[in-house]
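**Q** Generate the whole structure from the sequences, applying the supplied hints.
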Amino acid sequence: MSRLDAKKPSLCKSEPLTSERVRTTLSVLKRIVTSCYGPSGRLKQLHNGSGGYVCTTSQSSALLSHLSVTHPILKILTASVQNHVSSFSDCGLFTAILCCNLIENVQRLGLTPTSVIRLNTHLLSLCISYLKSETCGCRIPVDFSSTQILLCLVRSILTSKPACTLTRAETEHISALILRAFLLTIPENAEGHIILGKCLIVPLKGQRVIDSTVLPGILIEMSEVQLMRLLPIKKSAALKVALFCTTLSGDISDTGEGTVVLSYGVSLENAVLDQLLNLGRQLVSDHVDLVLCQKVIHPSLKQFLNMHRVIAIDRIGVTLMEPLTKMTGTQPIGSLGSISPNSYGSVKDVCTAKFGSKHFVHLIPNEATICSLLLCNRNDAAWDELKLTCQAALHVLQLTLKEPWALLGGGCTETHLAAYIRHKTHNNPESILKDDECTQTELQLIAEAFCSALESVVGSLEHDGGEILTDMKYGHLWSVQADSPCLVNWPDLLSQCGCGLYNSREELSWSFLRSTHHPFVPQTCLSHEAVGSVSNLTLDCLTAKLSGLQVAVETANLILDLSYVIEDTN
Amino acid sequence: MLSSMAAAGSVTAALQVTEVLEAIVSCCVGPEGRQVLCTKPTGEVLLSRNGGRLLEALHLEHPIARMIVDCVSSHLKKTGDGAKTFIIYLCHLLRGLHSITEKEKDSLMCENIQTYGRHWKNCCQWKFISQALLTFQTQVLDGIMDQYLSRHFLSIFSSAKEKTLCRSSLELLLEAYFCGRVGRNNHKFISQLMCDYFFKCTTCKSGTDVFELVDDCFVELNVGVTGLPVSDSRIIAGLVLQKDFSRYCPADGDIRMVIVTETIQPLFSASGSEFILNSEAQFQTSQFWIMEKTKAIMKHLCSQNVTLLLSSVRQPDLVIYYAGVNGISVVECLSSEEISLIQRIIGLSPFVPLHALSQCEISNTALVKFCKPLILRSRRYVHLGLISTCTFIPHCIVLCGPVQGLIKQHEDALHGAFKMLRQLFKDLDLNYVTQANDQSDTASLFICKNSGESYKVPDAHNGSIQKPYPDTVIENKDELEKTQTYLKAYSNLAISDVELETYIPYSIPKLTPADTFQTDETLRCLSLEKNRLIGDYEALLKSSSTAYSTRGNNRIEICYENLQVTNITGKGGLLPVSFKLQNMGTSQSYLSSSVPAGCVLPVGGNFEILLHYYLLNYAKKCHQSEETVVSIIANALLGIPKVLYKSKTGKDSFPHMYIRAVHALQTNEPIVSSQAGLESVTGKCQLLTSVLQCLTKILTIDLVITVKRHPQKVHSQDSEDEL
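These protein sequence lines are chains S and W, in that order.
One point on numbering: in UniProt numbering, the residue at position 289 of the first sequence is 289, and numbering is uninterrupted.
One point on numbering: in UniProt numbering, the residue at position 123 of the second sequence is 123, and numbering is uninterrupted.
Wrong hints could be hidden among the right ones.
Per the computed footprint, the stretches of chain W lying under chain S, defined by three or more beta-carbons under 8 angstroms from a beta-carbon of chain S, are [as the list claims (entries may be wrong)]:
| hint | region |
| --- | --- |
| 1 | 44-56 |
| 2 | 178-192 |
| 3 | 265-275 |
| 4 | 315-323 |
What the hints contain is simulated information worked out from the structure, not anything from laboratory work.
C-beta atoms are modelled at their ideal positions from N, C-alpha and C, and glycine is treated no differently.
**A** Written out as structure tokens, the structure reads:
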């Protein structure tokens, strides 16, 4: 019977955004992402109905990779957020929420896609050039000579992920560890082109978070029994290391494409074992102290090496190969025969270590940019979240090293930016509408949609029914708790703005974020004294936020431009 | 409905199908076009405005629809452009034909003909029409293109001889192209990117071979990076291989590389052979021999200063190890396309390891400027600075975008643009039949664009000496008339043109614009009625005696239009040129001519309106039956500008624009185009031909019979609904 089936015709829908189904699914997605946003965001538990792994998270990377969306438009949206997160590790939820808001707001206006897209692009470039300009009022330089701002940056990332379930002290501890790990990956004598090292995260679940630690070098996990067999080496000089990438198990490697005929009584296994022992002899005569193998070492060879006081560790796995090569400076050996003497490397010392219930061999480097972050958390779900968070923080630090600026966090950048855009489009619309056919009314409408999309992103920072205000001088964000009496003096209720830069002692006037107010000029050019005096700022990564903003607007433009959806049903 | 036994109206059926398709494609056409989202059965999401891709994604079931899609895809294979226009044009043609039959049906109603009989009568009529279409396409269309339309053509080249492009004209061409291909907010950026790429990759000596290379290997010449804004896309010098190094050894100074297509390590036993092992020692010795041999080869490579090894196959650990020991970087598992691209660029043949040791010097190595890892968003690539031995200077495009679907769209568009340029750099042959005889010198019209105006402009602007055409050139032409080879003539003429630099018309024209036009008209009449011919011809001679007296009986027509005269778009650097040569027969002559490489017209339906206008003029002097066919074709052409101007209102709306254009043509003034931008004429001509062929195919079908296969359900009804 033929299994060949004719292709089914595709489903074709016009004007997909107008359909009720798309709107509902979009708003469901929006509700999911907004409710996760910020330090007080709600957690999501993702699990398969038929059991198995349960993921508790409020992070976009974990959330979106576990969600399975079916509608093509949502696929585009989630894919672009995921791609953004995989390259910047931060601002994923911001991107997703902004994109949903933009689509929703613009749709309500009913303008032609041409002008919407054109104006959105103009507004985006206005934002980008402002955030990159010297006069930007929500950007601070990152000083690598002190840890203060770097710690703020890491702390902000940790606090925005409530699913890590960290206490205040734990947050401080982990922030310090992350920063230390990051600094360990920077080569000491960096000239010109810097190549950063690597921080390996070693899991240690079920321990207290406070027990987490950072060690230079590499930890290789091992069972206790194996560890007992390792002989302590006492040697003052550095240890000579041989790292094998080929198997030392005595398999007969690839015999070519032809057939091999064996005469009776010939044992290839013995022949190969002989070869292996010869190799062992060579290693011993070359005074190698440590033999590491990616794959399996034949027990006889292992025993031979142990007899000659050489430590042999096998089954290292492919992931550790690159850091090991880098740390020890070896040439991974792929030969069972003559080994060139310059392919050996060295480590400063080898010791055994026990953390929690796990035993490790710790390879201590001479000087290298590889470190291990031993990360503890109470349970699996929280550990997974913490691991993702640490990776994100390390990545953000790397990005910041490239572009040493940080944006004010806590929603202040968004409100400030919205105030700036409003002011610009109000007072100087001609400069934006330089060449094209869009009218001023269209610009006002789109600018309003754009700004309110930005503002409702920060509006979703508040999950407990509180109010969000903005001041009329800096354009920063201030939040009020839900059950506060309404007839009091604002400065008494408000203590600090979202990022922590300003406090209410200053003479400021406030207005509700959602109410209409006259456009004002937010104060540009941050003064250095203001930044220096505050120790606890909430900060965001500039690179990630810029890209998030761009991706959100580009994706929204893309989705608004769709005229048909053709679904292949095969 | 149709699949059951649809016979009566294959035109009606085809019209219904194409109308549905038209509705879909027309929303993606032109600068106002929007995006379409396609999903694949694998769950991949693709954004597209590419007509071919959309039609493919629809998986149409209707037999006629499938035939149309086949026609479109075979057209696309040839030209890489015009799928949407194809559908729109076809739809308008069918609509035109359909409306005629509707009329005729009314007249037939009075006669008592059985329905069945009428059907067959209809079919005969379709057959007749389709024949007429075929005749038109093969014998008339090219002629109209050649005789009337060619005077409007502009050339994209700033110098016709060397086929050099200046940036501004390429920008105009590409911007117009990408307008219809990528999202509105990206088309400027992408066309700039393509422009940069073009000028970085080509030298002044580069010819069409560069386009061929880029077109053939485009997949290898770009790298997609997701998660970054589109504006981060860029061009990087050198070649990027989408692999990581298996072993990377930083090297400075001279980097020499070799390509291998087999494993360097000798095999234990060759395929098809038997290796008999008699002892363990034998096994060990052979292993040892293999090891030593590999080591020796790698050492030998090292001694020859080779520091980079590119391999199309996976190399054993042993080879990688010895490469590392000898400071040789290794890249494995390159695809055959990548290898062939590298070979095309540097002309290097693979290195055969086993022969290597016998030679003391390895001949097939090549020098590389640099070779380093390139990290794009945490993925590692190999970045090679090849030193090109051909006219292509290797560069790669890094395409960024938030999602893969968008990157794919940009990649497709860029690839298509290279296909289009490849076509544009070729001449398009035109062959047609003309009704003429010895006396009527139909083709010897000297047509000058913009008439009076353009004659003056060279005087004023160029201000150089204007010599009459040298005699040698005329001789040349006579010679050519004998040999009747087009190519030679073309090259000769081209040279003479360039030699003269500022070219002046051969004759000193006293023709006023009106005269030219009149002559034109007169001659058209001439070709029809032979009786009046002589008289009219004399009259014609009087009216343009100067022009003809100098020419005598010369039957070669050269229609030079001017150097950057007041050209239509008003942009500099364009050189309107057209050459023509034809041999004359007696009463019916076969002419061959060509649209020279690089011919362009301003965008925005200019080509369609021009052709429409000239076709209508032509139709006036045809027989009644032919007239209907020609006018259907002419009117259908307007469908495309109608779609393009759909969103415009007021003075920019289609009727206004059309009237202005026709008026301009009648008074021989230049047509003012509202849009800057150019499009290739070659592509349009080919498209028209393809559409007419497709229509001919549709019309010749009288019955669509569905053969019901055993278990399969027929879904044709559904497919109609879903569309």
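**Q** Looking back at the numbered hints, which does the structure fail to meet, lowest number first?
**A** Violated: none.
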